[in-house]
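Protein chains: 4
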Amino acid sequence: MSLFEQHESNVRGYIRSFPAIFDTATSATIVDIEGKRYIDFFGGAGSLNYGHNHPLINQALINYIQRNGITNALDKATVAKHDFISAFQSIILAPRHMDYKIQFVGPTGANGVETALKLARKMKQRSNVIAFTNAYHGHSLGALAVTGNEFYHDDYYGVPRNVNKMPYDNYFDHDMDSVDMLRHYLADGSSGYDLPAAVIVESIQGEGGINVASVAWLQKLSELCKEMDILLIMDEIQVGNGRTGDFFSFERANIQPDIITLSKSVGTGMPMSIVLMKPDVDVWSPGEHTGTFRGNSYAFVAGSAALELWRNDDFSRSIRAKGEQVEQAFRRLQARYPGWISDVRGLGMIWGLESLVEGFCNEVSKQAFERGLMMETAGASDQVLKFLGPLVISETELEEGFEILDDAMAAAVEQYQQAGKAPLSA
Amino acid sequence: MSLFEQHESNVRGYIRSFPAIFDTATSATIVDIEGKRYIDFFGGAGSLNYGHNHPLINQALINYIQRNGITNALDKATVAKHDFISAFQSIILAPRHMDYKIQFVGPTGANGVETALKLARKMKQRSNVIAFTNAYHGHSLGALAVTGNEFYHDDYYGVPRNVNKMPYDNYFDHDMDSVDMLRHYLADGSSGYDLPAAVIVESIQGEGGINVASVAWLQKLSELCKEMDILLIMDEIQVGNGRTGDFFSFERANIQPDIITLSKSVGTGMPMSIVLMKPDVDVWSPGEHTGTFRGNSYAFVAGSAALELWRNDDFSRSIRAKGEQVEQAFRRLQARYPGWISDVRGLGMIWGLESLVEGFCNEVSKQAFERGLMMETAGASDQVLKFLGPLVISETELEEGFEILDDAMAAAVEQYQQAGKAPLSA
Amino acid sequence: MSLFEQHESNVRGYIRSFPAIFDTATSATIVDIEGKRYIDFFGGAGSLNYGHNHPLINQALINYIQRNGITNALDKATVAKHDFISAFQSIILAPRHMDYKIQFVGPTGANGVETALKLARKMKQRSNVIAFTNAYHGHSLGALAVTGNEFYHDDYYGVPRNVNKMPYDNYFDHDMDSVDMLRHYLADGSSGYDLPAAVIVESIQGEGGINVASVAWLQKLSELCKEMDILLIMDEIQVGNGRTGDFFSFERANIQPDIITLSKSVGTGMPMSIVLMKPDVDVWSPGEHTGTFRGNSYAFVAGSAALELWRNDDFSRSIRAKGEQVEQAFRRLQARYPGWISDVRGLGMIWGLESLVEGFCNEVSKQAFERGLMMETAGASDQVLKFLGPLVISETELEEGFEILDDAMAAAVEQYQQAGKAPLSA
Amino acid sequence: MSLFEQHESNVRGYIRSFPAIFDTATSATIVDIEGKRYIDFFGGAGSLNYGHNHPLINQALINYIQRNGITNALDKATVAKHDFISAFQSIILAPRHMDYKIQFVGPTGANGVETALKLARKMKQRSNVIAFTNAYHGHSLGALAVTGNEFYHDDYYGVPRNVNKMPYDNYFDHDMDSVDMLRHYLADGSSGYDLPAAVIVESIQGEGGINVASVAWLQKLSELCKEMDILLIMDEIQVGNGRTGDFFSFERANIQPDIITLSKSVGTGMPMSIVLMKPDVDVWSPGEHTGTFRGNSYAFVAGSAALELWRNDDFSRSIRAKGEQVEQAFRRLQARYPGWISDVRGLGMIWGLESLVEGFCNEVSKQAFERGLMMETAGASDQVLKFLGPLVISETELEEGFEILDDAMAAAVEQYQQAGKAPLSA
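Sequence order for the protein chains is A, B, C and D. Take 8 as the starting number for the first sequence in the numbering used here and just add one per residue. Take 8 as the starting number for the second sequence in the numbering used here and just add one per residue. Take 8 as the starting number for the third sequence in the numbering used here and just add one per residue. Take 8 as the starting number for the fourth sequence in the numbering used here and just add one per residue.
Note that these hints are calculated values from the structure, not bench results. The beta-carbon is built from N, C-alpha and C at its ideal position, and this holds for glycine as well.
A few chain C residues facing chain A, derived, Cβ under 7 Å:
1) N141
2) R168
3) K172
4) D195
5) G196
6) S198
With the rest of the complex left out, here is chain A (with noise of 0.2 Å):
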């Protein structure tokens, strides 16, 4: 490790909360240089929805080494994005009746959401854009300015602006909707919110917390989006690639947003990253919009392996099983450990367990890492422990993590009250 401390960057974060030296992993199991075994409920912060390693994905990409496919191609046609483009277009767009157009975009979310923003306010000629609390789309400056966290924030960067913030669905504890004060405020020509070009919202707010919209407020959304003549644009990247059990986590809302962005597993864990569009939002000008790895071709190769397994429901009916298994898990976790933990959260494979309780969080996922569990918090203060593992987990796998976490917890609660620290009521 002392090789990372003495070269790496300050910045290292993850390697300080699960600081070990990993080497080889597959489904749901990772492995350290010492041997050690780790069950991932990390998932590569939902960039590896598939696994690590899937058989079918890697013989896929060996395959296609071997041949010495074209590696990166930037935005020419190549075999690799044709079959890609193929597979998406035939296997997720036209069974749900979307029509829209793709664009492969620098190999960052940030990237797509820059992409989606600069679309949005160059089709609009209006450079505002509505963000949400505890959103987080990304650490370029123009996704920056629609991210809510203030630790990303410094006056000097230049952020944010031409971003208003409005309040998530149940942000505020009382019967307001957000979206009836958004209305209410676009209404209103001298509010100081200047008709946006676009919205943009993740239908779950993972980093913020997993904060999950509910269906009528996504749909009202859309419809003031309609209604009012401006873009909506759902950040799918961290919650589509079926981690909600559909392939787009909207889909629940049955709406069509204007702009779609797409990563983490879109490439299987490699980098890659798309923005959908319907068609007459597709104003850009040929080349407008470059970067050198828009075509990486080991991503397309490994997306289209994995696409397969959405042909048919058995996929989405698994995630929703082991979906249904995490939240049970969680809810007997929160009966067994009550004022400790306060709330259970999520959808399909997402779930979050809140504790009010100062630092509980991180020291659960401390405790949970050297019992053989990875599993991160999320949250502005931390206090979410973040279920995020991939969506091929094995019903074993499950079940060993839920026991180290049971474990981890009980750990963590009695060096609470050994050091005179009481739990709290919600």
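Since chain A is already given, all that's left is putting chains B, C and D on it; use the hints.
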């Protein structure tokens, strides 16, 4: 091709210049689905310095995949990352007496630039930055602000801000040195050029039209920065990784920048981007700048394999030798097509043929592609034919490319002459 | 009038609502070049609180001019300025136990606001500021960013930035208190509402439609600012100088803002603007914010004369008494024109009659002007008839104005009814 | 003086350079409360071109006040405004064949600049603006962005943005013309200098250190603007109103800017500011840029009286004649104090004496004030003694001022020599 036209966004660019569906590639030779071969003078825009499917790299990758090496680990420690850091440190940094911390960032060059600018602004607590005419640093909002090309700007995006633009070396045809200009501005508290956090510069501007900064100018710029407590950021994304013969393009000037951005070939064509910073510049808090794809293990494995080429001087020597061949070939073309080619410029293995005849370079590029040579144009008005072939290109490939280029140029000239258009003197 | 149409910019506004050439005026009565008299319920938009050509003020001015008193001294010391500071200190600040430094700024309210915002941002070293829905703080770029009305915005100007907009007191029809909302946002490090340097607020929004903040809300806001180390800026430009009965409109809430902006009537209608700041907020370097007309001696002389009115409570009492008359007259009108007038609101001598019938207020204003009453509309859609008559208006002038207003309203109603338009319930 | 120290903000500036309490003034002579006389070479920073208490102006004012002329009418029509427009049109614009619309704006120069920039940006639908080194255009946020002096900038205010800074005429000591530079930048789509809405320029930079643009340069700049569809904004706030001998300082170049800002002396020292625009540039919507003090009748009355001086050429001739006296006197001083005074420059009645000896000008200014002469310094490092005396200054006053200045300089030199400091060659 209709699939791409139907389903891809209108933003697609290179697919229009190079309209074929590419399949496999080795060294500097690409093959399309019809079996047609193309000599590659494009080099993945600098991301394929080590050529297509280098056998050692491919073998390392296949080995890694076959043993289920971990794919994406964000910024956790892995064997793949350990080996890369170790190789980079021992093969690249240590022999050059370079004491730098490494930051792995979101795997686009733009993200490296955003990171460098944020770090500099945070460290110096100043928002202003100096960038240069014809600079190209990427398309996310922070990087776009330091990129010159107006085609990429839009007032609704919100750029540029907090950036002063200075003429690059030799931008103006007169005796004024632009570092002297900058010194004058910064010494004058009322010039409107506020003391910047950083100067960001490419030692050779690739996208800007193959503009080579002189050693004297780079040294003066570096001295000015030291003198005035400004950080010097060298953007090595396109011209680093051996493009000029040295690993870093600024080695010829014997300077040590405060921050260095590397991407493109650092992962041998797979998305990867790193930022190097002097230890005292490493003022990041843990986790302050993050991203999902900072731990692209395949790129680490491939990148480590490629670094082996730098163990001794052979690779540098071969780059220089081939670079001389390119230069000689290009000067011959200039002599053969007087008036059509007005300038030949470059260094190492980055070269440009400038034509002042409107559209001529695009026509040559088109004719060349038809004849089996991939070569793009650069500069604000596509006035430069740009050589950026893989550094490992073979003698045979080079010669084949030169011949095609000669033919393409002859064809273009003939076409122009038939249309009654005359060549121009420089 | 053709001279104005021919030679003045199209931007002219009030000349269109009140199309006459005015010549002389006394108290609250204006006379045009044809000798027609107008009762003034407009009050120079709050700049003529002391009425037109108050004899004591005029005499003081004439004396000053006749003895060749210095006219403009920038921020040098003059007798005129000395006397103003002395009077302001002894008559206004000291009796209210207010310990503030005075800054004389460029003589527009907007300049006062720019100064206040710059000072707050400089002191707190934070760029963010909180402003409110329907706020009006002026038109220069910094002031515009905190002004709500979209009509004044333009993306090419570059507003708004670094400002979070919050609902004003009672902006939403529900039980949520907007100070509680703000507290929630600021306590949540991931809300997207970064800790601001300042909150800027009017205690009554004049241009915004005569919205009166409650004492409780103002107190909560003041407490929140103290609690979170945020500066409270009260913009008293329109509602200070006695408009509400007290000299400062926030006196009713018994709070002491960190920064106060005053303009309009402070120079009795001559351009003058001052910023008051708590001594610890006075972090300016000498000469850091300047301007040519900071030393308008005529305004000092007139302003000093006007301050004499505040030596005892008589003036306050008379303002309150007249204010009650206005309120009663307006409530009578509301009762007489049910459905046409939906709300009467105000305080002291600032009152609004709201109509939800589109265009009704503008029609009444027009009819009133024809009948000899000058009264403008306010609110984002001109939905409020605004009373802002001079504080020194006589009983007779008031009664005459009420009668004309009644007639004008009757005429407008008749016209609407003839056009088949019905009144609306609130 | 203690009252000022105790109650005024620390921002006060001139009161520190000229520490006396001024009372009355006539022509170019000011008297303080102790009866001490001061010759005025300061001229209210350009706001007192017509001198202190000009008898004709004072009489016009007293008459207007005595007949209860309306004081502040915002942008309504008044007799006072009618007469001003009529006089300005017939005396100033018509004889010069200038077809311009007049906009009355908030009565500060900064507001005129904000207005000009907003209008240009709105008309051209571009946000970028070109401004010059050492430019001074005011302190509100929009004006500050085009003002050079770093002392006034602060990253937390948010300046500068959307402004490219160019060297003023003769800024650099070499043969490159800065208009040629600008042409080059703007013709190069990749220079980073996006096509601007406007260029804003002073024909002589007063605050910047008395830098006189050549006629040739102004003409080239005007031609460039025409050629490239850019609006030319001449900021005449300090050097218009006759300062150079002509009413507009740009008349010597025989150009017609698209937008002109006037303030300072246009109201003879009372706050007033106007913007002139070519009729096709007048794209304002009614009421789009407003302000309370746009109708300062006293300034109109005084301004109209002053315009009478321009009915024939006498005034221009007298300005030029006095200007020559100033120049000769200053050149004599330069000859008398070689090394201490390195340059004399100016035009008409604006002149500067430059010293390269650090602090020398401030010392002379101090010595002069003690001896009864008010003369300030200019330039980023106060390196210039600035003459800006009233245009109506008498021969006697001028001569008295020159004598005091000579004595002050002698005293300063002696003091420097006693401290062992030597003069510098230019």
